[in-house]
Amino acid sequence: MCGRFAFVPKIENLEDELQIIDRDNTLNISYNISPGMEISTFDKDFKLKNLKWGLIPHWSKDKSLVNKLYNARSETAHQKPSFKNAFSNRCLIPATGFYEWKKSQTSKSPYYVKHVKNKILYFAGISDQAKIDGEIVESVTILTTNPNQIIKKIHNRMPVILDEKNIDLWLNGENDTIIDSNIFTPYSSNVIEAYRVSDLVNDASINNEKLIEKIDITLF
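So for the sequence shown, numbering that gives the first Met the number 0 puts the first residue at 0; every next one is plus one.
Among the hints, erroneous ones may be present.
[Said to hold, decoys possible] Quick list of the computed label-pair ranges, beta carbon to beta carbon:
{"id": "1", "residue 1": "K130", "residue 2": "T75", "range": "23 to 29 Å"}
{"id": "2", "residue 1": "S204", "residue 2": "K83", "range": "33 to 39 Å"}
{"id": "3", "residue 1": "I214", "residue 2": "G2", "range": "18 to 24 Å"}
{"id": "4", "residue 1": "I178", "residue 2": "G133", "range": "33 to 39 Å"}
{"id": "5", "residue 1": "D132", "residue 2": "S188", "range": "44 to 50 Å"}
{"id": "6", "residue 1": "I214", "residue 2": "Q128", "range": "40 to 46 Å"}
{"id": "7", "residue 1": "H114", "residue 2": "L168", "range": "17 to 23 Å"}
{"id": "8", "residue 1": "K67", "residue 2": "N117", "range": "29 to 35 Å"}
{"id": "9", "residue 1": "G2", "residue 2": "V115", "range": "32 to 38 Å"}
{"id": "10", "residue 1": "Q78", "residue 2": "S188", "range": "27 to 33 Å"}
{"id": "11", "residue 1": "K83", "residue 2": "L199", "range": "36 to 42 Å"}
Hint data in this document are derived by calculation from the structure and do not stem from the laboratory. Where a beta carbon is used, it is the ideal one built from N, C-alpha and C, also for glycine.
Construct the entire structure; sequences and hints are all you get.
Take a look at the structure:
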């Protein structure tokens, strides 16, 4: 799963990689993004949209779902009632890294996962709109997949991270083509690193660079 991530890019990184800056909107920057917050996404036209993280299906009137449906399994999202409509509204969710917790018998220890060259990661997202009390609420969830060799030592799921070559397919491909492709294959373990970080990240109100500082040199 992916229940917390960071997006603290150098703006030029986005421009250099995909030229997807929409200067009419504002990127939501944070070291500690949690469900219920507004997060930056890019639609099929590479336009920036800030959406609630945690999907509220178009048929729902329950705003509290933003704190529950923040992940969807990539293997079944196109079939599930909560996500089936959203699967046709695909987007990118940029991140500079994400947090995962490794469980032991007595505790859970947070790790930060990022690209070894500090490149921006693009999660596969799906979005929906719901009308609740006369208000249109736009929301998004992050698709997850099986872990790669690094993440499997921490957790049994990881976000779907898209290679650049798969971005156009994800945003513009037909549903059946995407479902039959290998787009949900775990992201290569050769280009990411994971390291132990402070328990401060457990407090969603804390938002500073100390959250992504290493407290161990390597994971193992």
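**Q.** Violating hint indices (sorted, rising)
**A.** 9
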